[in-house]
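Peer 1: So you can see what is in the structure, the chains are spelled out below.
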Amino acid sequence: MEPSTQKLIHTFGALADLGQEIAGTGDFTEMVRTSMHLLLGTLALRRGAVVECSGPGPLRCVAIWGLGDQALKGFEIDEAQMESFLGGEIRDALVRNTSSGFLNKYHDKLTGEGIELVVPMIVRGEVTGLVLLGGKASGEEFSNDDFETIRAMVRHIGVGIHTHRLLEQLAQRAEENRRLYDELRTIYRDTVRAFAAAIDIKDKYTQGHSERVGRYSEIIARELGWSEEEVEGIQIAGYLHDIGKLIVDRDIINAPYKIDAKNSIELNRHPNAGYEILAPIRHPYADIPFMAKHHHERLDGRGYPDGLTDQQIPMGAKIVSLADSFDAMTTDRPYKRRRSFEDVVVDLRENSGKQFDGKVVAAFARAILKEVKGETRERRITKMLGKTYLEGDQVETLLTDLISDLEGDYSRKEAKAQTL
Amino acid sequence: MSVCGPREGSNQVDTLNGGLVRSHCVGTTAVVYASDYLNKLSGEKIERECRRQLNCGCRALVIDFSDTQLVNSIGISILLGIIDVAEKSGAQIVFSDVNIQTVELFEMLGLTRHVVLAKDEREALLNLSHFETTTPVVH
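Chains as they are written, first to last, in numbering that gives the first Met the number 0: chain A, 0 to 419; chain B, 0 to 138.
What the hints contain is simulated information worked out from the structure, not anything from laboratory work.
Everything numeric in this text was worked out from a predicted model, so none of it was measured.
There could be a bad hint or two in this list.
So the derived label-pair ranges between C-beta atoms look like this [as the list claims (entries may be wrong)]:
#	chain 1	residue 1	chain 2	residue 2	range
1	B	R121	A	K72	44 to 52 Å
2	B	S128	A	G86	37 to 45 Å
3	B	K87	A	Q171	41 to 49 Å
4	B	D119	A	K104	20 to 28 Å
5	A	S53	B	D119	51 to 59 Å
6	A	N143	B	E103	17 to 25 Å
7	B	K87	A	T4	33 to 41 Å
8	B	E103	A	E167	50 to 58 Å
9	B	K87	A	G25	25 to 33 Å
10	A	T4	B	G56	39 to 47 Å
Not close to chain B: a few residues of chain A, all C-beta gaps over 12 Å, as computed [what the hints assert, rightly or not]:
#	residue
11	K6
12	A13
13	D16
14	T33
15	M35
16	T41
17	R45
18	R46
19	E75
20	R164
Don't be surprised by glycine CBs; every beta carbon is placed ideally from N, CA and C.
Kindly produce the complete structure, drawing on both the sequences and the hints.
Peer 2: What follows is the structure in structure tokens.
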């Protein structure tokens, strides 16, 4: 093979490898080191280094080969030197041509280290760094072809460094945006909780109700395997489910007896009112207004405001509905004391498939059972219900039986649906 | 066993480093075998093995290219680095069993100015024997 042909093949191979290296997303320092090796190996240069700079000031060595670790220590570049590089020709890169201020200043040190060429990496009119190169192993002078090869490869390396910087800036901005987004979410959650507290203040008998419904809803959704985003959404829906009560007369809400039909109609306006209040807001989570609107719907269609049935009711609303009812049954009300846990379980069993979705009830029962059996570190449900509420020999059996019944029902329903 | 491994007379002990680089010692000469494609990955392993052998007192290196089909630019750069390190340690270096295309590449790039080429490992060791018998060994 003709030497010139072989040299071309060798150079093209190196350029192809360099392109691949620059385009890679691996470690930055390793990319620069490999690129430098490719350049040195293309022309068989015995030593070299790649240094980067961000404006005038000290140069930072990224890769070095065949030189001592401290060979380039203390090298700095100033504005005038940068200008001279920007306006220079490739031949100015020769250390022995001391036309560049930089080469003039460090001439003796560079020659002492065996550096013969100092080529600036210029990208978009800015010096991003320098490539310092020793002489050829052949002992020959650099040819015009060599200069062209060096120029092309140095430009590639410069682009690689520039791209890396852009990606770094992008990553920083993304991190900053993420932080701001997290802050916004925190502010949103705090605001929602403040609203929940405001709703509950209106009802002197159910203080903390919205907060508890939010937490129960979150626990149920988590047990159902919802994503973190969806769990956060349902918690917010729980906090806000009664926001429509803000338009209901305080006397009706705080009536110390079971309210009459007329007042019931007034009170039952709150789901629609809640929807009206929440719908214009751009929530970071989906369907919150609908969860508030339909949290009093029942599977059998006897709920309000729209009398929806099973499949028509959003899953989120079914969860909030159960959380809401469970809290109502397990807290004291103006007209009745809270019910025993055994009584509550009986109610849940009887109303599964009528008022509540059996799958949702089973999920809630599983979450309670985990706490009762000490399988969870946090005892959030116990804290909300009070320390002694879930104590007793029967609690575990009640929950196990409930889960077994509901899951059995569900399996039978599924099988029936498949045969139809 | 020391990191340098056994080094007794002409005993040949293969050592596997990083699972890929094969080497053995003949007296104070280390023979290191290059892989079929001398690129960054295999080149760096060879370089590490050569440095290890020199640090352990080797006075000469033979890099055997009998399995090597191709040497790329990074391979060239790494080989120049090995030559540099060997020169600084005062050690001789011989490349053996290099195929014709790689010989042409080494000649074109000027590597042959710094390294002796031998037909095979035996010839490389013979070339080095004179150097070895006249140079004191430092461990």
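Peer 1: Hints first: check each against the structure and report whether it holds.
Peer 2: Evaluation of the provided hints:
Between R121(B) and K72(A) the C-beta distance comes to about 46 Å, which sits within the given range of 44 to 52 Å. Checking the proposed 37 to 45 Å range against S128(B) and G86(A) shows it is violated: the Cβ atoms sit about 58 Å from each other. Our hint of 41 to 49 Å for K87(B) and Q171(A) holds, since their Cβ atoms are close to 42 Å apart. Roughly 51 Å separates the CB atoms of D119(B) and K104(A), a value that falls outside the hinted 20 to 28 Å.
The hint said 51 to 59 Å for the Cβ distance between S53(A) and D119(B), and at roughly 53 Å that hint holds. Between N143(A) and E103(B) the C-beta distance comes to about 23 Å, which sits within the given range of 17 to 25 Å. Hint check: K87(B) to T4(A), Cβ distance near 35 Å, so the stated range 33 to 41 Å holds. For E103(B) and E167(A), the hinted distance range of 50 to 58 Å is not satisfied, since their beta carbons lie about 43 Å from each other.
A beta carbon spacing of about 31 Å between K87(B) and G25(A) agrees with the range 25 to 33 Å that was offered as a hint. The given range of 39 to 47 Å is respected by T4(A) and G56(B), whose C-beta atoms sit roughly 43 Å from each other. The claim that K6(A) is not at the interface with chain B is violated, since a C-beta of that chain comes within 12 Å of its own (minimum 6 Å). Non-interface status of A13(A) relative to chain B is broken: a Cβ of that chain comes within 12 Å, the nearest being about 4 Å off.
Consistency note on D16(A): stated as away from chain B, yet its beta-carbon is not over 12 Å from all of that chain's, at 7 Å minimum. Not every C-beta of chain B lies more than 12 Å from that of T33(A), the closest at about 6 Å, which undercuts listing it as non-interface. At roughly 8 Å from the closest C-beta of chain B, the C-beta of M35(A) falls inside 12 Å, breaking its exclusion from the interface. With a cut of 12 Å on Cβ distances, T41(A) falls inside the contact zone with chain B, its closest approach being about 5 Å.
The claim that R45(A) lies off the interface is violated: its Cβ sits roughly 5 Å from the closest Cβ of chain B, which falls inside the 12 Å cut-off. Some Cβ of chain B comes within 12 Å of the Cβ of R46(A); the nearest lies about 8 Å off, and the non-interface call is violated. E75(A), annotated as away from the interface, keeps every beta carbon of chain B farther than 12 Å; the closest lies near 28 Å. At roughly 24 Å, the least C-beta separation between R164(A) and chain B is larger than 12 Å, which holds for a residue marked as non-interface.
When held up to the earlier numbered hints, the structure conflicts with 2, 4, 8, 11, 12, 13, 14, 15, 16, 17 and 18 and fits the remainder.
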